[in-house]
Amino acid sequence: MNDAVDPEDLPSNYTPAVVQLTSEGPVFVADYYTLSSGWLAVRQWDGERVKLPPHRVGSISEVRVQSYGTDRDRLKRRVADSQRREMAESDDTAGMVVPNAAAATPSTSETQA
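Count the sequence shown with numbering that gives the first Met the number 0 and you get residues 0 to 112, in order.
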């Protein structure tokens, strides 16, 4: 069983993103990275890891994160946009194709896969 990722307390090495799939549309994921084979590994908000072949990925748009808290030594990282945090917490949308997900919030960077 996988542990769900909390959008209010992201692990420091996670990069949330909207992955544009060529046939399914945009998917909001908790983390992604490219494998040496060229495939894209993503972690969905429910904690499940999925590998995608390069031909299924159109683009990747990273989602802004922010640090917050009162103790500088223990700042937490979270998805900056409150609507996206709600989307990630929702059982019926997390890690699934989300209409207009790519346009909901400006990204900080975009990488063509």
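Possibly wrong hints are sitting among the right ones.
As the list claims (entries may be wrong) - Pairwise CB distance ranges (calculated):
#	residue 1	residue 2	range
1	Gln65	Ser22	31 to 39 Å
2	Pro10	Glu85	35 to 43 Å
3	Trp38	Asn12	16 to 24 Å
4	Ser22	Leu74	38 to 46 Å
Simulated from the structure, these hints should not be mistaken for laboratory data. Since the structure is predicted, the reported quantities are computational estimates derived from the model, not experimental observations. By construction, the Cβ of each residue, glycine as well, lies at the ideal position given by its N, Cα and C atoms.
For this session: May I ask you to test the hint 16 to 24 Å on the CB atoms belonging to Trp38 and Asn12?
Result: Because 19 Å falls inside the window, the suggested range holds.
Exercise. Is 35 to 43 Å a correct range for the gap between the Cβ atoms of Pro10 and Glu85?
Worked result: 20 Å, violated
Problem set entry | Distance restraint evaluation - Ser22, Leu74, Cβ atoms, bounds 38 to 46 Å | 39 Å, holds
For this session: Starting from the range 31 to 39 Å, see whether the pair Gln65 and Ser22 falls in it by beta-carbon distance.
Result: The hinted range 31 to 39 Å holds for Gln65 and Ser22, with Cβ atoms some 33 Å apart.
Checked against the numbered hints above, the structure breaks only hint 2 and satisfies the rest.
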